[in-house]
Amino acid sequence: MNNWLLVALIVASTAGSDVLQSMEMKRHARSSIGSAAKHLFQRPLLLLSIVFMAVSFFGFLLLLRAADLSFAVPATAASFVVETVLARTVLKEQVDARRWAGALLVACGVVLLAV
Amino acid sequence: MTGLPLKVRLLTAVVIVSNVLGNLVLSAGMKDSASWQVVFSPLVLLGVALLILWVLSRMTLLSWADLSYVLPVTSFGYVLSALAARFLLAESITPWRWAGTLLIIAGICVVGTTAPKTGER
Numbered sequence: 001m002n003n004w005l006l007v008a009l010i011v012a013s014t015a016g017s018d019v020l021q022s023m024e025m026k027r028h029a030r031s032s033i034g035s036a037a038k039h040l041f042q043r044p045l046l047l048l049s050i051v052f053m054a055v056s057f058f059g060f061l062l063l064l065r066a067a068d069l070s071f072a073v074p075a076t077a078a079s080f081v082v083e084t085v086l087a088r089t090v091l092k093e094q095v096d097a098r099r100w101a102g103a104l105l106v107a108c109g110v111v112l113l114a115v
Numbered sequence: 116m117t118g119l120p121l122k123v124r125l126l127t128a129v130v131i132v133s134n135v136l137g138n139l140v141l142s143a144g145m146k147d148s149a150s151w152q153v154v155f156s157p158l159v160l161l162g163v164a165l166l167i168l169w170v171l172s173r174m175t176l177l178s179w180a181d182l183s184y185v186l187p188v189t190s191f192g193y194v195l196s197a198l199a200a201r202f203l204l205a206e207s208i209t210p211w212r213w214a215g216t217l218l219i220i221a222g223i224c225v226v227g228t229t230a231p232k233t234g235e236r
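For the record, the sequence lines run as chains A and V. Residue numbers are given in this note's numbering: position 3 of the first sequence equals residue 3, and the series is strictly consecutive. Residue numbers are given in this note's numbering: position 88 of the second sequence equals residue 203, and the series is strictly consecutive.
Fair warning: there could be bad hints in the mix.
[Stated by the list, open to error] In silico DSS-like pairs for lysine-lysine, Cα to Cα no more than 27 Å straight-line:
1) Lys122/V <-> Lys26/A
2) Lys92/A <-> Lys122/V
3) Lys38/A <-> Lys122/V
Everything labelled a hint here was simulated from the structure, so no lab data went into it.
Next comes chain A alone, as it looks inside the complex (with noise of 0.2 Å):
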């Protein structure tokens, strides 16, 4: 499988974990690591999450497989940006023009990172 193509499918499967997982923390907040876990099997949405998270890790068990890891690694990171625009977009989160800055800066480091 080409190797971009692996990279927007572990880009998509990751945000949509972390979407998911970023609202429904924010409406059960935990105080550990220990009750986080426990608090994992009582949301089907949570658990959702974790699938995301598992076909975005085989993808990235693949992607590492055949790149260097100096490449598979910041690749990943352009869910970045598609993150930033979904947490103001579906988590209403007032993401003000600071962190579009630091989002776009660290887009373009990306990019960077590809050449």
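On the provided structure of chain A, position chain V as indicated by the hints.
Leaving out everything else, chain V in the frame of chain A:
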């Protein structure tokens, strides 16, 4: 990360370190063998264990801070991964990749000046 509660700083460090070590070990492990059974090798299993720690600590951090804060801050791990790839896995990294790393650090610093939860100033 000045001005952040200690628990947020500590948990951020756990998130970053478990991610970098997990990816590093996983990368080394996945290239070790051509057969599919490589996924059960000790290195790969260790990498998976570290990434499980990463998942859980990151979920906890997400309950304390906005996603649009957590993402760039913990992406510092990407920079550490590049360094690990260069010095521990002997990958060659072009000037473009180093330049990209600096831009990512810059983006992280910009986001790091914002408060973790919107509504705080």
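Each hint tested on the structure:
1. Restraint check: the Cα-Cα separation between lysine 122/V and lysine 26/A comes to about 17 Å, which is no more than 27 Å; the hinted pair holds.
2. The suggested pairing of lysine 92/A with lysine 122/V holds, with an alpha-carbon distance near 25 Å, which does not exceed 27 Å.
3. At most 27 Å may separate the alpha-carbon atoms for a hinted pair to count; lysine 38/A and lysine 122/V meet this at roughly 20 Å.
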